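Enquirer: So you can see what is in the structure, the chains are spelled out below.
Number of protein chains: 4
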Amino acid sequence: MAAIDTWEPAEATARSLTFAELSSRYRVVRAHTLALAVPLSEADAQVQSMPDASPAKWHLAHATWFFETMVLERFEPHFQPHHPAFRVLFNSYYQGVGDQHPRTQRGLVTRPGLVEVLAYREAVDRRMAALLAQSGNGNAHEHSSALRDLVVLGLNHEQQHQELLLTDVLHLLSCNPLLPAYAPQPSSDAVVSGQPAGWLSFDAGLVDIGHAGAGFAFDNEGPRHRVWLAPFRLARCLVTQGEWLAFVEDGGYAEPGWWLSAGWEWRQTERIQAPMHWRREGDGPWQRYTLQGLLPLSPHAPVAHISLYEADAYARWLAARTGQPLRLPTEAEWEHAATSPAGLPQATGDVWQWTNSAYLPYPGFQPWAGAVGEYNGKFMMNQMVLRGGSVATPDGHSRVTYRNFFPPGTRWQFSGLRLACDGL
Amino acid sequence: MAAIDTWEPAEATARSLTFAELSSRYRVVRAHTLALAVPLSEADAQVQSMPDASPAKWHLAHATWFFETMVLERFEPHFQPHHPAFRVLFNSYYQGVGDQHPRTQRGLVTRPGLVEVLAYREAVDRRMAALLAQSGNGNAHEHSSALRDLVVLGLNHEQQHQELLLTDVLHLLSCNPLLPAYAPQPSSDAVVSGQPAGWLSFDAGLVDIGHAGAGFAFDNEGPRHRVWLAPFRLARCLVTQGEWLAFVEDGGYAEPGWWLSAGWEWRQTERIQAPMHWRREGDGPWQRYTLQGLLPLSPHAPVAHISLYEADAYARWLAARTGQPLRLPTEAEWEHAATSPAGLPQATGDVWQWTNSAYLPYPGFQPWAGAVGEYNGKFMMNQMVLRGGSVATPDGHSRVTYRNFFPPGTRWQFSGLRLACDGL
Amino acid sequence: MAAIDTWEPAEATARSLTFAELSSRYRVVRAHTLALAVPLSEADAQVQSMPDASPAKWHLAHATWFFETMVLERFEPHFQPHHPAFRVLFNSYYQGVGDQHPRTQRGLVTRPGLVEVLAYREAVDRRMAALLAQSGNGNAHEHSSALRDLVVLGLNHEQQHQELLLTDVLHLLSCNPLLPAYAPQPSSDAVVSGQPAGWLSFDAGLVDIGHAGAGFAFDNEGPRHRVWLAPFRLARCLVTQGEWLAFVEDGGYAEPGWWLSAGWEWRQTERIQAPMHWRREGDGPWQRYTLQGLLPLSPHAPVAHISLYEADAYARWLAARTGQPLRLPTEAEWEHAATSPAGLPQATGDVWQWTNSAYLPYPGFQPWAGAVGEYNGKFMMNQMVLRGGSVATPDGHSRVTYRNFFPPGTRWQFSGLRLACDGL
Amino acid sequence: MAAIDTWEPAEATARSLTFAELSSRYRVVRAHTLALAVPLSEADAQVQSMPDASPAKWHLAHATWFFETMVLERFEPHFQPHHPAFRVLFNSYYQGVGDQHPRTQRGLVTRPGLVEVLAYREAVDRRMAALLAQSGNGNAHEHSSALRDLVVLGLNHEQQHQELLLTDVLHLLSCNPLLPAYAPQPSSDAVVSGQPAGWLSFDAGLVDIGHAGAGFAFDNEGPRHRVWLAPFRLARCLVTQGEWLAFVEDGGYAEPGWWLSAGWEWRQTERIQAPMHWRREGDGPWQRYTLQGLLPLSPHAPVAHISLYEADAYARWLAARTGQPLRLPTEAEWEHAATSPAGLPQATGDVWQWTNSAYLPYPGFQPWAGAVGEYNGKFMMNQMVLRGGSVATPDGHSRVTYRNFFPPGTRWQFSGLRLACDGL
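Residue numbers (the working numbering), protein chains in the order written: chain A, 59 to 482; chain B, 59 to 482; chain C, 59 to 482; chain D, 59 to 482.
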């Protein structure tokens, strides 16, 4: 779990890595996953608290399955599966690789237990180490390049599950009326921006967005392509908990006029009254449940655990109150700002930032070939893009071109809001 | 129900209309709605066959409610409502105007009966005629302009409900195992393109799309704005029933590899095997249920009643079979092509054409002021844009800038597909 | 719709009827059904307001289908169906006779329209008249006896649908926010008992209950059999609206202690606060919606439209408040009391009376042979018995042995409560 | 888990126990619960596999909560709760004692963990031991009697949860595609009756059923009361797996004629084709999943895991095939037979036996006073009675008057069938 203040491209994962470096990086990433699981009991690691979430044990196993299936099965001589049933049990959604255990029943598989899953990790790690050592001894060829690419992909995949493991654990523990903490209080409190408030302005123009070049990126980040942007401004700072409290106290959750139609219906059905994990006793002050337990609001820290519907309603409310044409940014605006010379404060390390861009293919997009082609492209419907990165995103994982995506009613992620405004 | 072969901008609805012309146009549009209801029994007009659909009687009443609430209530001196309860009963979703009768219970209101609703129409028509006659006598001023705009909006609104009335009736009658026909066989069969097949090519460039100018358009069609387009091609012709049959017979509905993840889940849950209203007895030939009853497939006529998920799967399937980068067009590509000197064959009059553009606000979009501001903007989430117009779209209603929108699993509309292709 | 004050066994339907008398009775019963439909518009007759209810048009058709399928098809020489599709469309649940149109989709069949259904009735009535006339000319034999039995069954079946037609119409109209009346105000108000209050006492003993003898009864009313009864008392009078109001005002609907576990869950899920069709504006007085429209409570008239759960909770509440062992009667207690020399006031003509007897087979029960064997036996699970008869029960239809049955959460019937008490 | 061949009344739990004997019995029963949990991992003990089931950890805690709440809180001087939150977390459904953690979310409470729950058990056991030791020193008085009664009730309650723990674990493990075994193969296979087949016959007569006397019984087993029985026969033996296979292979699950209406609907919705836990690969032989893993059918052993609907359909099928009036017994018939001089073979130790008696109060029934009054009475609706006892019922727990009850679609219990027949 990393608090990142500066924005560095993840060039460490580029193709120029030697196999020795790759092997080292493999060990570091895999060890970090285990470290995240340390505070969990076997029971904590077992339970699936809602259909969207997965058990921590499943995350531990599935990320391992990815290496076994996508790497070992293809590159290891005389490959034998660790356990034949794991192929199905820990396949998430790759139809091309065979059947999947139903997603909603992941929490029912109590055996293999946590110990067997950890043994599975260790066994695959040993085999991966051997494979990488062997590959490092050979000559560079296309085979090596494919192997290197898939290992790097597997590590990025594992990092995604590191963040999901934390958000899923947070959801699980939040269902416990005792509100237990995942981890002790961190030494420093939530990251609070010392940035000056206000706006960054951008002229109209043709800009290029999307990934290109040697470093690793997911297929959905490319191709790099041209986009016309009208003049716009982006807020220097993320919307804070204190600012959000004003929205709550002004009755923002009770006024349909601020909400999208689908958002209002969602709010009514789910009886939403505040960000996820905000709680209060009677008329007492609002508090927020976190991985460190129940804490008071931190007025200057970014608000988290809001859906796109809430973010959009907030923008409309503030637009009406201030008379400014406030709104959510598009992903192109966000990326252009983040790559501008001035940079974008709080770009990552706090919360993922909802954009009002639908998660759709870039012009000319082609999914990767083979089984890993099911990674991103098939989810390009009914989802909205988030940009940046959160307090739960592993160091070096995200990029300015990174496209995170969730349906607009999603709240269990560390998702927040940066405002945009039409014109200069 | 209109079969339009040529594409004419709807300048007849522009602000330059005199009140006498407007009054005449009012009578024509309103009479057309009644004509659509002629083949319906009182029972046909009463039933709501699914939550997305509305009873024909409700359409007749709601379009009238729109004129009463948005026009008469504001402009008629000493306004008295026709019936106090109708304000709630026939309000669709305008929260700013008060409560609404729950959408899913529209079919339960058997009283007022069809006769009372027709009397409601007649009474409002009489009052509208008087108002327009009176306004025509006065001087032009801002008041007149607002009145004119709202009447034009009301007529466009009524035309939208004309199309919905037909698609809702088609759905209702399709639930009847006797498969009755709404209307007798039309003299000529479905419109079949005599266009040469093949592609229209478009270079990369900055283009302008969206509505500007004097003629009527919905708020969501503007502002006109600049978009960069990469080089692309659009098919001259819509995908035909015969072409779709090849997809069905090649097992396209059974292969998850062609489908978006959400599309495959939708297909599984709904047990979809062919376009809506396609039917077969055992292994017999496929037929299609239409407003004229059960008909054989018309191999050269456009396929209709497909969801975006099906359209997208078809494009992936054909791309794999042909090796071409086929896909759905974006709405900007579609509009650019339709306004190009060559024009776009089958642009309207057959089926609405799914695009892969999410229904989101154009840069700088502002909803209309007042109650009618709830018309379009609040639905900008979880929907995809369709362009063109269908066999059920009233003459002169659609435009090249028109943005129709439905969720990606929608099939009960006259929705079809025109393919696009990357590159020249 | 009949208000019955006296309790007469339905001997008029016995086997001793001549065919001429049977033919006459047929005309009377069938005409009564039509009379009930007179106040309904075609729209009223079309709509199915909930899955448990059926459209009035369907009742009109299904009761006719019963005669066509169970009588004409078997006894009419050279039988031809009126319309082949009606065999499926209007079959309720007789699996032995073929497929059924899905119950929840009865309201979607707008064609055949009401006129065609009335023509169907007339055609079957003509054919029935001819068949009965012809049979009356022949000699008595087994054939005649089977015909006579089935016609009598069909008439009793039709009478059941007369009551259901009224309760279904009441439910439909209650969904209309205008609360229209089915029929004008009757000349006299609801039947109010002039009976002295208090208890009827019955000693312990072996008694016989159930139907035996020549008159018509449903198969589920027999065989007549022996039951041991402990000493008990039955209330002379039904629980009144005024008495129920005291329960409401004492918070009876908010105290889980009075409720069965399943009842409390039902109450919470359905948000029940008063009998069905009771309404109030804000803190105004309770009113009740009836077939005659909205009326004030009638404090001395029986409460209606309560579920067994409510009836049971009321008894527990009153038992706790009075210290008496109050409860619902069993069906054997009810029948024994009703056949006692003293008789049972308000036995029928007001409301069906919930008993705490599950609807299960009597010892030695055998369903009728043939298709009509699916009439009663297959529903003997998850239902509770009601005894007596209601204001909506046709004259002469019910009997002291009559077993009406519904699931315990049912409220749209005219269902009420008579209390019982342990001991003398 | 006990295999009982003989039928002994549970007089060991009678009121005549000394406190020393009670204390000893307490230790034995509580230790047995722990023994059942030994084969479970922390993960196994955590998961709730369906809403009807509870986690094993919850059973361990709830049975302890019962002693803490019903005994210690009332009798222990200066009572302090072990943990304030446990009062709500482990309350099942006692509204009189306060709030309950929602039933469907029992599996989400990962903390307290299994270790804390075991510590809770140990702490309560220590306090109970002290209380009983102290009470044994004092004089007998009413206070002692109430204490003794509640401890005996608590032990019977714990035994009920011992059986539920096993059936819930069986369900959980059955959801795992690896089909793990809870326990190693027992030394002897399932109990197979050596009884001669055939019928036990009983004359008509007035009999007494229900509990009376000094030994412990639940409140729902009384009062003892008189019932008239018509002549009947009961099968000596339970229906076997081999006999059930004949029903399966004769298409019994596909023929609606054998099924109650609600049963057929249940079968269709749940896609039932065989008893729960029966499985087959393709057209291979049927096997059954058990606590010992997957086993072949045992043709002469009783069939288990059938719902009442299946039991009833089987009886109808066999009645039609044999021409005998076969059916399920009533609970009065079962109890009368079990207490007859000849006794009833396989009365307990194999499977609970569905009766066709609804679970309703006996004449004169009164629930216990106080909080424990919510134990049985409030569930007397929508459930059917099972009699006997199963392989999972603890030794000495059941009685001839014991009324087990579940809804008619329940299958995850060890439920089977003994046939009855009308007449001698």
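Rather than coming from a laboratory, the hints here were simulated on the basis of the structure.
These numbers were taken from a predicted model, which means no experiment stands behind them.
For every residue, glycine included, the Cβ atom is placed at its ideal position computed from N, Cα and C.
Don't take every hint at face value.
Chain A stretches covered by chain D per the calculated footprint, using a threshold of three residues with CB under 8 Å from any CB of chain D [unchecked claim]:
| no. | segment |
| --- | --- |
| 1 | 102–115 |
| 2 | 141–151 |
| 3 | 157–167 |
| 4 | 277–288 |
Enquirer: Test coverage of the segment 102–115 of chain A by chain D using CB-CB distances below 8 Å; three residues minimum.
Expert: Since 6 is at least three, the answer is holds.
Enquirer: Okay, the segment 141–151 of chain A and chain D, do three or more residues pass the C-beta test at under 8 Å?
Expert: holds (count 3)
Enquirer: Does the segment 157–167 of chain A contain three or more residues whose Cβ lies closer than 8 Å to a Cβ of chain D?
Expert: holds (count 5)
Enquirer: Do three or more residues of the segment 277–288 of chain A come closer than 8 Å to chain D, measuring C-beta to C-beta?
Expert: violated (count 0)
Checked against the numbered hints listed earlier, the structure breaks hint 4 alone; every other hint is satisfied.
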